[in-house]
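2 protein chains.
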Amino acid sequence: MEKKKLTDIASLGEFGLIDHLTGNIKLRHSDTLLGVGDDAAVLDQGDHVSIVTKDLLVEGVHFDMVYTPLKHLGYKAVTVNLSDVYAMNGEPRQLLVGIAISRRYSLEALEELYEGMLLACERYNVDMAGGDTTTSPAGLMISITAIGRAKKEEVVYRSGAKPMDLLYVSGDLGAAYCGQLVLQREKQAFKANPQMQPEIEKYPYVLERQLKPEPRQDVVAMLKKAGIHPTSMIDISDGLASEIMHICNKSSVGATIYEEKIPVDQRMAQVAHEFNIDPTTCALSGGEDYELLFTINQKDYEKIKGLDAVHPIGHITEAGQGQNLFTSSGQLVKLTAQGWDPIKKG
Amino acid sequence: MEKKKLTDIASLGEFGLIDHLTGNIKLRHSDTLLGVGDDAAVLDQGDHVSIVTKDLLVEGVHFDMVYTPLKHLGYKAVTVNLSDVYAMNGEPRQLLVGIAISRRYSLEALEELYEGMLLACERYNVDMAGGDTTTSPAGLMISITAIGRAKKEEVVYRSGAKPMDLLYVSGDLGAAYCGQLVLQREKQAFKANPQMQPEIEKYPYVLERQLKPEPRQDVVAMLKKAGIHPTSMIDISDGLASEIMHICNKSSVGATIYEEKIPVDQRMAQVAHEFNIDPTTCALSGGEDYELLFTINQKDYEKIKGLDAVHPIGHITEAGQGQNLFTSSGQLVKLTAQGWDPIKKG
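Chain order of the listed sequences is L and V.
By the numbering used here, the letter at position 130 of the first sequence is numbered 130, and the numbering carries on one by one without gaps.
By the numbering used here, the letter at position 228 of the second sequence is numbered 228, and the numbering carries on one by one without gaps.
Careful: at least some of the hints might be erroneous.
According to the in silico footprint, chain V covers these stretches of chain L (three or more CB under 8 angstroms from chain V) [unchecked claim]:
#1 16-22
#2 47-53
#3 124-134
#4 139-152
#5 319-330
In silico lysine-lysine, DSSO-like type, Cα no more than 30 angstroms apart, as pairs [said to hold, decoys possible]:
#6 152/L with 250/V
#7 151/L with 26/V
#8 26/L with 202/V
#9 152/L with 152/V
#10 212/V with 5/L
#11 202/L with 187/L
#12 250/V with 224/V
#13 151/L with 202/V
#14 225/L with 212/L
#15 212/L with 152/V
#16 71/V with 5/L
#17 26/L with 151/V
#18 151/V with 191/L
#19 299/L with 224/L
#20 212/V with 202/V
#21 303/L with 152/L
#22 187/L with 225/L
#23 187/L with 5/V
Don't read these hints as lab results, they were simulated from the structure.
Just so you know, even glycine gets a beta-carbon here, dropped at the ideal spot from N, CA and C.
I would like the entire structure built from these sequences, with the hints used as guidance.
Below, the structure is given as structure tokens:
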């Protein structure tokens, strides 16, 4: 009997896999304004919309208990979900927490995790409104659903970018990835010599960016106050290159960005050099920065140009021109979306 | 140095654990009408409410891949979440799907899982509106968030039962648990002798109840049509005894039920006897029936008495009287909530 050949899920990549599985979904309800394919689903509630997003964090894939304090982990599990709501220009209001945990964790460990989650809820004014706690045969898995609210006309999708729009990012990029490099190196050193003290005091900035990311609520508020309505927006979880691809795909446009304009922090660049990695590579492909990438109409340039914390990095082009990077040495290269791919890592 | 003594999470039980972790949560938003502590969170949307629930299904805890067809698993993962929305008297409309999966699963396996989920979406008229797919170091984990809708005054909570109310259940109880007993026995037999054909054709009813539970959308619709508004309601995921305890705790009441009134199917009773288990024990503690347990005001008795599919099993009493079972042999015994406890199983 011939054995049916099975397909390795890694062969499609994370985004290919999601497209493959959800590409044919028909929506039945008119209140489902947006389904699969953005940072969150958008549901019509009459005079406003709900923005609903969920993310999974899996031990051994998204975090390593060797160097992740549980309180930080709880905090990060919440903030990465809030980041998706802000990326739709919404205000997060509630979240539901699902936890699957093995019995090697103590009650005190769970309390620390909840302490971190509740701290993030307090800081971002969100209600923990429910969830599910269960056991797992091994390890810890956190599944959070965040629910936000916005006026219908306020929501910003990935799909609204137009040629000639200006492309901006908030904050600086690549540091979260460098933080992970440091943590992994210290883990290896500790394995080799458990007596050794970890050398982490030298790297507070990149470690904080990795372990305790803050979603850019402030940027969303600042843009609103300045009267700027982005034409498209996404948060940077998988690396700048990958997120530019998402906006270009959903908006059917191209983009050109300039290496010298990509905001990098000196403390990140130092670590990158220590690891012999180009800082631009960290910014383009590192991921987990949870900064915002957005586009604005050129008419808003006067309003945005004085604002701190957001930086123009390029502009949107016609789709035919693809996604390009002007390097600091004057070359034009194609951007590739080698975003952080959890399926390939597994 | 003194080592701090750590507490085993199993020592609190699932419900004790959730109470412990979430007992002090303050709600900040007036639109969070109900947080932790019912089948779902309830969010005010102006002229209606959203009902949001999430459940985790973990391989090795909630399902065993040896005897669970992936399509059934996908179907069940969706329907158990819809059941929570129906238990609040809401209409499920959207769901978000989070999947963490190890690389030993093929694309074809994931397709089967999605086929089951989408079949349930079609049957219950629900939009699959988003989610997250990631890898896991081992096994499969499914995290589903279901979102429903109801008029504010239609929502039925666990907390509304009053002394003298009548207690009803839909369908029949205990069969899902008996289905699991059969599947586990066949798994052991197969381990002992892989050449053996499984003996499962004899048990279609209990197996279907275990592998492919249907949420009671029909019962909710029937009660609405009859003009009956339950005073409290919950779905039976952990066993009748445990769910009665939940209603009594949240409503600050007691309850008395009658063994002879508990609906059991003859096909379930047969399997229970095969395994030397009392069918009443299966009904009280088996769980996973996904039937509805609800209370009504006595004034609605005339409206409900002719209805199929729902069965009176007792009545609500003052809190001081506790939860009691009148056995068929005429004894009055205290009910204990040895509901299905996933933490203790782990």
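Hinted pair residue 225/L and residue 212/L, Cα distance within 30 angstroms:
holds, 26 angstroms
Given pair status - residue 250/V, residue 152/L, alpha carbons within 30 angstroms
violated, 37 angstroms
Would you mind confirming whether the straight-line C-alpha gap from residue 212/V to residue 5/L stays at or under 30 angstroms?
holds, 28 angstroms
Given pair status - residue 202/V, residue 151/L, alpha carbons within 30 angstroms:
violated, 56 angstroms
Three residues minimum, CB to CB under 8 angstroms: does the segment 16-22 of chain L make the cut for coverage by chain V? Let me know.
holds (count 5)
Hey, residue 151/V versus residue 191/L, does the alpha-carbon distance stay inside 30 angstroms?
Violated, at about 58 angstroms.
Would the pair residue 303/L and residue 152/L pass a check requiring their Cα atoms to be no farther apart than 30 angstroms?
Within the cut-off at roughly 23 angstroms; holds.
Would you mind confirming whether the straight-line C-alpha gap from residue 299/L to residue 224/L stays at or under 30 angstroms?
holds, 15 angstroms
Coverage assertion for the segment 47-53 of chain L with respect to chain V, Cβ distance below 8 angstroms, three residues required:
holds (count 5)
Take the C-alpha atoms of residue 187/L and residue 5/V, compute the straight-line distance between them, and say whether it is at most 30 angstroms.
Distance of about 26 angstroms is within 30 angstroms: holds.
Taking a Cβ-Cβ distance under 8 angstroms as contact, does the segment 319-330 of chain L have three or more residues in contact with chain V?
The restraint on the segment 319-330 of chain L is violated, since only 0 of its residues have a Cβ under 8 angstroms from chain V and three are required.
Holds or violated: residue 212/L with residue 152/V, Cα cutoff 30 angstroms?
Violated, at about 38 angstroms.
The structure does not agree with the numbered hints 5, 6, 8, 13, 15, 18 and 22 stated previously, though it agrees with the rest.
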